[in-house]
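Order-wise, the sequence lines are chains A and B. Residues 1 to 70, numbered by my numbering, are exactly what the first sequence covers, in order. Residues 1001 to 1506, numbered by my numbering, are exactly what the second sequence covers, in order.
Quick caveat, the hints were computed from the structure, so don't treat them as lab data. Any given hint could be a false lead.
Have a look at the derived ranges for each label pair, beta carbon to beta carbon [what the hints assert, rightly or not]:
hint, chain 1, residue 1, chain 2, residue 2, range
1, A, 48, B, 1287, 24 to 32 Å
2, A, 51, B, 1219, 42 to 50 Å
3, A, 51, B, 1218, 19 to 27 Å
4, A, 55, B, 1330, 17 to 25 Å
5, A, 38, B, 1418, 28 to 36 Å
No residue lacks a Cβ here, since even glycine has one placed at the ideal position from N, Cα and C.
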Amino acid sequence: MTSDAPEIRGPSPEPAPVAVKQIALKMQQPDLRSAAAELARRIDEIKKSIATVEEAKVVTQKLLQKEVSI
Amino acid sequence: MTEPFEALQFSSANLFGALGNKYCLQDDVANQDHANYIYRYLSAIGARTIIVEHNYTDGDYLEDFASYYVRCYEPYDRCCKRLHFFGEEVTADLLRNLVLGEIAPERAQALCGSYLGFLVARPLPSAIVGRTILKTYGPDGDRRHYTVVRDYESHLFGTKLSVRSLPFQEQDSVLAACATVALWCAFHKTADLFETTAPRPAVITGSANRGGHRGRPIPSHGLSIDEMCRAVRDVGLEPELIDCVDKNVPLVSLAYGHLRMGIPVILIVEIENQGLHAVTLTGYSMREKRVLVQEVAGTNTCIPMIGLRIDEFYGHDDQIGPFSRLSIGPSAATYPVLLHGDWKDKATGKLLELRPVAALIPIYNKIRVTFLDVQVWLTRLTSVLGLIVPDPTLAIEWDLSLTTTNEYKATVRTLGLSPAVLGRILLTPQPRFMWRALLRVSDVEVLELLVDATDMARSFPILGAIWRHAGFRSALETLLKAPAMQPSLTDALTRRFLNLLKESLS
């Protein structure tokens, strides 16, 4: 083998298995009807929260005119 | 002929003497806050030697000189001194041998490796700290992240030295006040990220004032936020401006979301009893556990995000110094958080509050979907997660940040995904810029969403979901596919988001 020849390598090693950490979850066997009712009850709250984020996207002329001067 | 350089042992007296000039003597320098901050900073990063390079022509100062100082009656000097700092003891003979190539390569390498950066001392009566590029503090484990930095090379008599940093300078209040300096710092990094220009302070002040000004632009006493936005547009970027006062804006997470990719965030803060000031954020300190309960103003409620684990920002504050610390604390109302740095009331010595008013982010024009746009989608999904995660406010954390397809594809290889999933991600074309929303439940990474940052806010920009935890996936699959759940899930998530999640499970 000359020094210019490519080095022959074996297959790349398999990535080390990642240990699965357990997390506590509320509903492995969910009570779906009560979950649906709970989510339906929260819809207004979710929409209100989204509306406040949408509102935060608005930039006013008053802000643009503020002087940064220290 | 005077010696072209001096080698001085690092000490406060030598530093202040080297910084001084005929208008500003060593004792005057010793009384200046910037000089003292820089002395403390250099001490902390291990400076041992100062090399003073005389008759240095600095491009930034030369532009200021040509724009203003040369037309003063007083004959200000056009040349500066450049102070180089090393973490090793360097004598004049050793430096001469380094420059002449008369020391062993290993020794030369060690010497260059101890380089801590430089500072340009301007020959002016005040504002003597010119362009300054200094090494950052160390990471302190994995806590400190200085992301808004780039590689710089400096040449000391032909010897190449390098440092990873971001330029800083003190405002001269003639051609540049804090707003101009904050933009100047930020543009040095955006030039590296987006191949835009990095204009000098005089040019920034000039372009910001083009198209009308309330008074004379020079001497500069500051810029309005509108003018700062104009300066951003002038370098070919878009000004992403976010109002933080009384808004549902998770400021710390929002800043992190950009800083993580290296995008500078210019924070506009109100300083108690003084007015508005601009600081260019350069990094953050991330803790393992939460340090904040809330990061939005007043009674707003926000999904739990990674910003709750950030206890400090680092920023270039032209009134303080480079990489100055801003501790993040809770705010009772109005502001999302309160910040404390080195700002003190001159009369009483009391630490002053910095109240975040807005964030200005110079962003590439193809990054159109914003942090807040993605926050809306995450808010929808979080409402559903509450059905399967006990105590979701404490257990859930969204880690949302901008990334590029290349950076993401490099990261995804390290996640231990199955070959099929990994292959699908790597072989699928992606937009150049994406938001990566990583969901952790009880500190375990369970899901990530990729969002097309180049799309439109009113579109559906979510590209896909990657499930990272079998138990979580199974629990959510049961919920998402249950017929009884479909009407309320559609209402909470929207039909397209629900369908995307279901398709990603198949």
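Right, here's what the structure says about each hint:
The hinted range of 24 to 32 Å is satisfied by residue 48 of chain A and residue 1287 of chain B, whose Cβ atoms lie roughly 31 Å apart. Restraint check, residue 51 of chain A to residue 1219 of chain B: a C-beta distance of roughly 45 Å satisfies the suggested window 42 to 50 Å. Range check, residue 51 of chain A to residue 1218 of chain B: Cβ separation about 44 Å, and the 19 to 27 Å hint is violated. Judged by the Cβ atoms, the range 17 to 25 Å given for residue 55 of chain A and residue 1330 of chain B holds: they are separated by roughly 22 Å.
Range check, residue 38 of chain A to residue 1418 of chain B: Cβ separation about 33 Å, and the 28 to 36 Å hint holds.
Going through the hint list in order, the structure does not satisfy hint 3, though it satisfies all others.
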